[in-house]
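Colleague: Spelled out, the chains give:
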Amino acid sequence: MIRHVFFYEWKKFTSDHVVWRSVMIIVLLTVTALINGNRWYEFEHSTMQQIVQDYETQKDTVRAGMLSYTHPDGIIGIDAPQNPSTFYAGYRVYAMKPLNPLTILSVGQSDLYANYSVFSARDKTRLIQDEEIQNPLHLMTGKFDLTFVIIYILPLLIIAWSYDLYAGEAERKTTTLIRAYGFPLSRYMLYKALFQFLLLSLIFTVTLLVAVAAIKPLLFSVLYILDFFLCCGLAIGYLLCWFTISFFINAWRRNALFNGVMLVSIWVILLLFIPYVISFRANTLYPVPSREKQSLTRRTLAKQIDRKETLQKLVSARPDFNRFRTDTTVQLIFEASHGYPHFVCYQAELEKCCYSMEDSVWHQLQQQEAYCHALRFASPSLLVTHGLHQLAATDTHHYIHYLQQQEQYYQTWRQRLQEQVLLKQPVSPAALNTITPLHWKNDQPYSLPQAGTDSLFLLGCIALMAGTAHIQYKKP
Amino acid sequence: MTGKVRQLALKELKESLQDSYFYILTFVVFLLFVASLVLNSLTFHRQDQTRREAQAAVRAQWLSQGETNPHGAAHFGITAFKAYSPLAILDRGLSDYTGQAVVLETHKRNAAVYMPAKDQNAVLRFGYFTPAFILQYFFPLIIIILSYAAITAEKENNTLRLLLSHALSGKQILAGKILGILYKLLIIYIPVVVLMLCFIAVPHALSWDHLLSLGTVCLLYFLYFLIFALLSVSISCYCGTSRASLLGSLSVWMLICIFIPRITNFVSTAVVQAPSTYDYSREVESRYKYDFSTVYNNIEQTLVKEQGVTTAEDLNVNPFGYALDETELMGQQIYEQVYGHIETKFHQQNRVAQIPGLLSPLQSLRTLSMDLCRTGFEEHLHFGTEVEQYRRDMMHTLNMDIAHHSPYEKHDFVKKKVTYKQDHSLWEQVPAYQHTFRSITAVLKTQVFTLFILAGWVVAAFALATYSYQKIKI
Numbered sequence: 001m002i003r004h005v006f007f008y009e010w011k012k013f014t015s016d017h018v019v020w021r022s023v024m025i026i027v028l029l030t031v032t033a034l035i036n037g038n039r040w041y042e043f044e045h046s047t048m049q050q051i052v053q054d055y056e057t058q059k060d061t062v063r064a065g066m067l068s069y070t071h072p073d074g075i076i077g078i079d080a081p082q083n084p085s086t087f088y089a090g091y092r093v094y095a096m097k098p099l100n101p102l103t104i105l106s107v108g109q110s111d112l113y114a115n116y117s118v119f120s121a122r123d124k125t126r127l128i129q130d131e132e133i134q135n136p137l138h139l140m141t142g143k144f145d146l147t148f149v150i151i152y153i154l155p156l157l158i159i160a161w162s163y164d165l166y167a168g169e170a171e172r173k174t175t176t177l178i179r180a181y182g183f184p185l186s187r188y189m190l191y192k193a194l195f196q197f198l199l200l201s202l203i204f205t206v207t208l209l210v211a212v213a214a215i216k217p218l219l220f221s222v223l224y225i226l227d228f229f230l231c232c233g234l235a236i237g238y239l240l241c242w243f244t245i246s247f248f249i250n251a252w253r254r255n256a257l258f259n260g261v262m263l264v265s266i267w268v269i270l271l272l273f274i275p276y277v278i279s280f281r282a283n284t285l286y287p288v289p290s291r292e293k294q295s296l297t298r299r300t301l302a303k304q305i306d307r308k309e310t311l312q313k314l315v316s317a318r319p320d321f322n323r324f325r326t327d328t329t330v331q332l333i334f335e336a337s338h339g340y341p342h343f344v345c346y347q348a349e350l351e352k353c354c355y356s357m358e359d360s361v362w363h364q365l366q367q368q369e370a371y372c373h374a375l376r377f378a379s380p381s382l383l384v385t386h387g388l389h390q391l392a393a394t395d396t397h398h399y400i401h402y403l404q405q406q407e408q409y410y411q412t413w414r415q416r417l418q419e420q421v422l423l424k425q426p427v428s429p430a431a432l433n434t435i436t437p438l439h440w441k442n443d444q445p446y447s448l449p450q451a452g453t454d455s456l457f458l459l460g461c462i463a464l465m466a467g468t469a470h471i472q473y474k475k476p
Numbered sequence: 001m002t003g004k005v006r007q008l009a010l011k012e013l014k015e016s017l018q019d020s021y022f023y024i025l026t027f028v029v030f031l032l033f034v035a036s037l038v039l040n041s042l043t044f045h046r047q048d049q050t051r052r053e054a055q056a057a058v059r060a061q062w063l064s065q066g067e068t069n070p071h072g073a074a075h076f077g078i079t080a081f082k083a084y085s086p087l088a089i090l091d092r093g094l095s096d097y098t099g100q101a102v103v104l105e106t107h108k109r110n111a112a113v114y115m116p117a118k119d120q121n122a123v124l125r126f127g128y129f130t131p132a133f134i135l136q137y138f139f140p141l142i143i144i145i146l147s148y149a150a151i152t153a154e155k156e157n158n159t160l161r162l163l164l165s166h167a168l169s170g171k172q173i174l175a176g177k178i179l180g181i182l183y184k185l186l187i188i189y190i191p192v193v194v195l196m197l198c199f200i201a202v203p204h205a206l207s208w209d210h211l212l213s214l215g216t217v218c219l220l221y222f223l224y225f226l227i228f229a230l231l232s233v234s235i236s237c238y239c240g241t242s243r244a245s246l247l248g249s250l251s252v253w254m255l256i257c258i259f260i261p262r263i264t265n266f267v268s269t270a271v272v273q274a275p276s277t278y279d280y281s282r283e284v285e286s287r288y289k290y291d292f293s294t295v296y297n298n299i300e301q302t303l304v305k306e307q308g309v310t311t312a313e314d315l316n317v318n319p320f321g322y323a324l325d326e327t328e329l330m331g332q333q334i335y336e337q338v339y340g341h342i343e344t345k346f347h348q349q350n351r352v353a354q355i356p357g358l359l360s361p362l363q364s365l366r367t368l369s370m371d372l373c374r375t376g377f378e379e380h381l382h383f384g385t386e387v388e389q390y391r392r393d394m395m396h397t398l399n400m401d402i403a404h405h406s407p408y409e410k411h412d413f414v415k416k417k418v419t420y421k422q423d424h425s426l427w428e429q430v431p432a433y434q435h436t437f438r439s440i441t442a443v444l445k446t447q448v449f450t451l452f453i454l455a456g457w458v459v460a461a462f463a464l465a466t467y468s469y470q471k472i473k474i
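Protein chains in written order, with the working numbering: chain A, 1 to 476; chain B, 1 to 474.
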């Protein structure tokens, strides 16, 4: 029977050109989305390569400067590259979160958060702004990536295909014929839905594989192939979920119009309404501290911190830091007023307080994310989006993790140079090789247990809906 | 003839008023709209209160900083927070995707920081539930539901023949149907406008300018709904069944509201690619390479020559203040070029986006709605320009104080010890930062083309509807 149903459906689909039109739409959307995703990936990737290259150039220039530096008095002046205060102020290091090639499938939050940062010990950022410069209109609308196609567009195509799964047959009076031949209606409908699902999945998967092979063959390498297939699996699970929803709605045997309106309403609820309600609830439960208030606190601290007292406290704890007062072989900026030692101690104190403020924001954001993550089962769109973003490491959780590491890296870097300033310890050319800029590594990938839970839940929902629909079809 | 058209329209309305679906639909829309208005109103008040308090506290901090060197005060600076009009309750626009505060300090022009989207969970990117969101996405759906069967139902019930036999032409039937939909639309929309007035205009005592903006926004939304009504009725004329008509109308909705806005981003970034933050930062760094000592020495020599004194110690002004002002000016020019370049790129992208945006009235409506609610792109640029002008004036005041009041000290990076200090009398000379919104004339002046596109859509939808009545087949 299945063969006959498949053959009949295929004839129907080819006779009114539905297949070819759908193939055209899917190919066009998938290729455009992949090209767009890849352009973003390449843009960020090439910028990061430029940063690494510039860093190496800076290192070579500074090393050469150190080796050739001479001062008429035989001291290390403030113009010397090895001078700790000059090095503190001017030597740039970087931290970056290299984009996973899977970003071409799921841009996620990578356009919102900074993927790289360049700083010196004195300036927490040497860039004109923290995040990538983006047209705010584009940020608001979001990037046209494959996740958008999978989550928003393909369900619409499924609705267009399957809204009259039953009603179409009923209107053509073929259901009477099916019953007359003794075919169980429930199985007939199931085979029809299965055929449509297999056909759409086949078109989508083949298009995706060919497009990825042409645009980003790197995804087929050993490193990424498993994640890539997990992405494909999630997408196909999502499509199956939508076919089951349609199958379920059709099972109530109302007219095609009712089915169409119901399916579009479900689309609006699952894709717009539920995500908003969850997001709003997360924001209310775990509000992020006011940035305005944080800004004020920072300003107050900047005024309150007593530079002399802070320096004195530090010197009392580490008497060897007193060296900056006695050593005359190395000059510091504004040395007469202890300007630089005062400044580095003040900065350390200020950054310590600011870090705790920033950390409180990240903590609340993580709570929000955990809440949304726990409620991802409320909508398949949330579940699959979360999964795709996690696989590509472009979700907020990964970015917070990176930002925390970046902050810690900066604090360590600043502290290391602060000691050198107070000890008036020149930076040696050899020390340059010991500096390792931060290349973030994803140590929290989309785990197999999570993939298992997500898949089981999705399959459970599908089985439940399909089962209910099956019983419904069996009713006379 | 007009009487017959009106009669038909009233019959349409009467039929809907007898239908329980119409009431359910109206109730759901109202509920959603009221909920979004209340939630956004609360958010707005909380944020506005925090911002006002913060701005006042910044001012108090500035005035009470005590005796300090003016250049030290310039480094301490001021933080300017972006203010929002109560119209933001209706449309949050880009406020979640632009920085909310600018730290104003000497030597550099900082970008706006604290983008709210970065401090919210990722689910936000599915869409923010604002009244504008409901008007832009949900209202067209309701219009489609109200109008998809306008002609097809008559065909399916075989009443079209009856209507034509009552000496009604196809054109009159169409006009009657459109009028009927407009009546239904007004029944839903007028209370929505009243709600907007109650939640936005009345409690905030809107200025005439903002009241006019609200009125314009309401009118533009009505035009947007009219476009959907006309498109839906036109589709109904072409289709043989209500099912096909609904599918066609829904496809148009998805194309206009979901697909085209994203594809325009793709097109505009493909045509105009803005350089990265890193590239711009390198550009600033490479240009910002003046040697302060050289500038200082040049100014000192010029002043000595101008005043006819033998040594710099005899000058009646401090060249250090002038040197600071000169380098500030050099920095301003560099930042102006770089930020100007970024703005140009964004403007180019927005202009390119208008071309595929011709296919979606939502694109134009959204831009106009945001800008009229003072939450759009142009308003953000205006905020940037305004705070930069404020910063320049502030730095000039402080630098000139050093130039004219501080005693001469030879500048030395190793030995320098700051002795000159000023008190609150100078800090008071810097006025409090006050954000001003652009006037409605200024807003509309920048959106003439967008207005034309929306007007073009109305005309095109009317033309399509007029043409479609010829396609009505019995």
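No wet-lab data here; the hints were simulated from the structure.
Any given hint might turn out to be false.
Covered stretches of chain A, as calculated for chain B (at least 3 residues, CB under 8 Å) [stated by the list, open to error]:
1. 313-327
2. 450-464
Simulated pairs of lysine-lysine, DSS-like, Cα-Cα distance not exceeding 27 Å [claimed, not checked]:
3. B/K171 - B/K11
4. A/K293 - B/K305
5. A/K124 - B/K289
6. A/K352 - B/K108
7. B/K345 - B/K421
8. A/K59 - B/K345
9. A/K474 - A/K124
10. B/K14 - B/K4
11. A/K308 - B/K11
Some chain B residues close to chain A (C-beta under 8 Å, calculated; not the full set) [stated by the list, open to error]:
12. T26
13. T50
14. R51
15. Q65
16. F76
17. Q100
18. Y114
19. K118
20. V284
21. S286
22. Y288
23. F292
Idealized CB from N, CA, C, for every residue including glycine.
Colleague: Against chain A, run the beta carbon of B/Y288 and see if the smallest gap drops under 8 Å.
Modeller: Result: violated, 11 Å to nearest chain A Cβ.
Colleague: Run the distance test for A/K124 versus B/K289: straight-line Cα separation, threshold 27 Å.
Modeller: Measuring from Cα to Cα gives roughly 20 Å; hence the hint holds.
Colleague: Are the Cα positions of A/K352 and B/K108 separated by 27 Å at most?
Modeller: Since the Cα atoms of A/K352 and B/K108 sit roughly 24 Å apart, the hinted pair holds (cutoff 27 Å).
Colleague: Do the numbers back the hint for B/V284, that is, is its least Cβ distance to chain A under 8 Å?
Modeller: holds (6 Å)
Colleague: Restraint: B/Q65 near chain A, CB-CB cut 8 Å. Satisfied or not?
Modeller: Interface hint status for B/Q65: holds (6 Å vs cutoff 8 Å).
Colleague: Can B/F76 be said to touch chain A, with a Cβ gap under 8 Å?
Modeller: This hint holds: B/F76 lies near chain A, its Cβ roughly 7 Å from the closest one there, short of 8 Å.
Colleague: Holds or violated: B/F292 as interface residue toward chain A, Cβ cutoff 8 Å?
Modeller: violated (12 Å)
Colleague: Going by Cβ atoms only, is B/S286 closer than 8 Å to chain A?
Modeller: The hint is violated - B/S286 has no Cβ within 8 Å of chain A, the shortest such distance being about 11 Å.
Colleague: Given a cut of 8 Å on the nearest C-beta pair, is the interface hint for B/T26 held or broken against chain A?
Modeller: violated (16 Å)
Colleague: Is the hinted pair B/K345 and B/K421 satisfied, with a Cα-Cα distance of at most 27 Å?
Modeller: The hint is violated at about 44 Å.
Colleague: For the pair supplied as a hint, A/K293 and B/K305, confirm whether the alpha-carbon distance does not exceed 27 Å.
Modeller: Between A/K293 and B/K305 the Cα gap is close to 50 Å, so the pair fails against 27 Å, i.e. violated.
Colleague: Report holds or violated for the interface hint on B/Q100, using the least CB-CB distance to chain A and a cut-off of 8 Å.
Modeller: holds (7 Å)
Of the numbered hints listed earlier, those contradicted by the structure are 1, 2, 4, 7, 8, 9, 11, 12, 21, 22 and 23.
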